[in-house]
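Keeping the supplied structure of chain A fixed, place chain B with the ligands upon it in accordance with the hints.
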Amino acid sequence: MSAKKRSPWLTLVSILVYFFLYAPIIVLIVFSFNASRTNVVFEGVVNQGPCGPFYWYCELFRNRSVMDATRNTLIIAFTSTVVSTIIGTMAALALQRYDFFGKKVSETALYFPIVTPEIVMGIGILVFFSAVFGWINTALALAPNQRLTMGLGTVIVSHIAFSIPFVTLVVRARLHGFDDRLEEAAMDLGANEFTTFRKVTLPLIAPGVLAGAMLAFTLSLDDFIITFFTTGPGATTLPIYVYGLLRRIVTPELNALSTIWVLVVLIVVAISQWFQRRE
Amino acid sequence: MAEYAVELRNVWKRFPGPGGEVVTAVKNVSLQIYDGEFFALLGPSGCGKTTSLRMIAGFELPSEGEIFIHGRPMGKTPPYQRPVNTVFQSYALFPHMTIGENVAFGLQMKGVDKKEIARRVAEALEMVRLSGYEKRKPKQLSGGQQQRVALARALVNRPEVLLLDEPLGALDLKLRKEMQLELKRLQREVGITFIFVTHDQEEALTMSDRIAVMEGGVALQVGTANDIYEHPNCRFVADFIGETNFLDGTVAEVDTDKARIDLPGGVSLWAHTPQRVAVGQAVTVTVRPEKMHIRPNATDVNQVTGYVTDIVYIGTDTHYGVVLSGGQTIRVREQNYSAESRLLAREGEAVCVRFSIEAARVLTE
Ligand SMILES: Nc1ncnc2c1ncn2[C@@H]1O[C@H](COP(=O)(O)OP(=O)(O)OP(=O)(O)O)[C@@H](O)[C@H]1O
Ligand SMILES: [Mg+2]
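Chains as they are written, first to last, in the numbering used here: chain A, 286 to 564; chain B, 54 to 418.
Isolated chain A (complex conformation) (with noise of 0.2 Å):
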């Protein structure tokens, strides 16, 4: 378009960004095939049992925690974000649609938690479930063994708090400029309020919706903080887990794990895109 000359300055730089966003990912996935058990020096490719190279990978799945902490993270990450993208549309078609008192505050107040340190949120939430727990435990006088404590369901409820306000932020946008003519012309035509949603609204802010559950399903899928202040005995997640390992030894297991990882992530968000991307 333009005969300017680009500064070579601009194409060093973007070269060393994607450098720097990318070459730990590429000596992660390289060092996931190490032959060495420490982790520290490439020492050529590992060929060790049935798996070959992929010995590592063979060892990761024969692991029972790794696998259990997957589960968790599964459980977790599947659960909050239907849970979370159900609420989140919600509140985003209400905040389209309807005028009510308050409205400015409770949309500010919505998407306050996105711009909180996670920090503080995983302190409020740890904070917020031991009190009531504790309350409902002694008001109740529960056995040792009834007793609720932090666990699969409270790291759930977190996931799900902290994923709600990205994906009514994410649904607003598509929200965005929607003809509420068209909800009108499905029940002047004999639709009623839910089919009228089924064929017409859905449909048409189900790319935003599902760009929505895409996002709280990697965010769940990879969260520490708040995890970590709200899991319990049994409810190891990945990241958790993997925090656990550094402080004893990394081995190429771990770089194994980390690139299984990579992958599910970016095919999450490929497919997040390819439906943003749709219209």
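Check each hint, because a few of them may be wrong.
[Said to hold, decoys possible] What follows is a set of in silico ranges between Cβ atoms, one per label pair, in the way DEER data are often shown:
{"#": "1", "chain 1": "A", "residue 1": "Arg382", "chain 2": "B", "residue 2": "Glu56", "range": "32 to 42 Å"}
{"#": "2", "chain 1": "A", "residue 1": "Ala379", "chain 2": "B", "residue 2": "Ser116", "range": "50 to 60 Å"}
{"#": "3", "chain 1": "B", "residue 1": "Ser116", "chain 2": "A", "residue 2": "Gly436", "range": "26 to 36 Å"}
{"#": "4", "chain 1": "B", "residue 1": "Asp292", "chain 2": "A", "residue 2": "Phe397", "range": "55 to 65 Å"}
{"#": "5", "chain 1": "B", "residue 1": "Glu176", "chain 2": "A", "residue 2": "Val400", "range": "36 to 46 Å"}
{"#": "6", "chain 1": "B", "residue 1": "Gly185", "chain 2": "A", "residue 2": "Pro488", "range": "23 to 33 Å"}
It should be emphasised that the hints constitute simulated quantities derived from the structure, not laboratory data.
C-beta: ideal position from N, C-alpha, C; glycine also.
Same frame as chain A, now just chain B with the ligands:
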């Protein structure tokens, strides 16, 4: 079946305004619309036409008053249970559905069987001359075609009443004229009551059986095109429909259905009085430009003198601007019967403008 397809009885609509005040969009409107009629709601922007239509469709509920469709009070009946369909100004076609799916939507909602839907969709698209467009998406159609799809989507349901909110607003003039004729043809074909919203007086006059002229939320006058053009009941209607002259004066003498009106500057004229007036009352007289003549041989009763300020020749007619001795400016339209007609007067020339008693109409509001 009830006498009226749609009846509005003392309907009011108030909205909460942006600053907390109340906006009254519709004020005590009562309308009776006959079955099979082409009825227009005509008025300037913001006069409450759309609001009235939306209340009939059920998108808004009246603040006061009641709406009847074929004698049934609508109350809080939701839109999907009313026997009416709407053609929106913006068409509101479902962008994620094909034309065929758009038109089929209403029938699907009614649970009509698949074969019958296919048949009626094809029939409806043929009616609006869009056969073969079933598989396209709304985006792939021109404005006029989209407008016709919107029409087919509504008509395929065979509603008792079709509501149209400025359906031709987005079209260019030529297409607009074409669609006016087409709409009129369709309405005759299907025999459905049409309630048509427009702010274009020409459109209302050419298409409708009857017209309600609205202003500021009030239905000022309801009647046929001829009624409201020839017998406007107030200054606003006379002014809004066609071109007219207004002469302000006071009643000097009253006869059975006519009165002598004195104008400033010593001019007086006789005018028809549809309402009772009293001597000394301040009134306005309206006279349409084409009913005034400067042709010397006219035998009309009223004669006022003035001089010509401007002449506009537009082919079929010549328009003369005339300033009367009292200072009032009037416009006179003379038809050009022959090539020499435009020589009736020259600029600056003194002329005598004549018109009949019936042509002059006294307005009290
Ligand atoms: N939902 C609403 N809330 C507040 N005021 C409204 C609402 N709908 C309409 N109004 C007001 O009511 C009045 C009538 O509006 P309406 O849309 O019926 O006018 P209209 O005759 O259709 O005008 P136009 O030719 O511009 O479409 C306007 O003053 C408008 O601002
Ligand atoms: Mg309108």
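Checked hints:
For A:Arg382 and B:Glu56, the Cβ-Cβ distance of about 39 Å falls inside the hinted range of 32 to 42 Å, so the restraint holds. Taken as a hint, the range 50 to 60 Å is violated for the pair A:Ala379 and B:Ser116, whose Cβ atoms sit roughly 25 Å apart. Separated by about 55 Å at the C-beta atoms, B:Ser116 and A:Gly436 break the suggested range of 26 to 36 Å. The beta-carbon spacing between B:Asp292 and A:Phe397, approximately 56 Å, falls within the hinted interval of 55 to 65 Å.
In this structure the hint that B:Glu176 and A:Val400 lie 36 to 46 Å apart at CB is violated, the actual value being about 58 Å. Look at B:Gly185 against A:Pro488: about 25 Å separates their beta carbons, and that is inside 23 to 33 Å.
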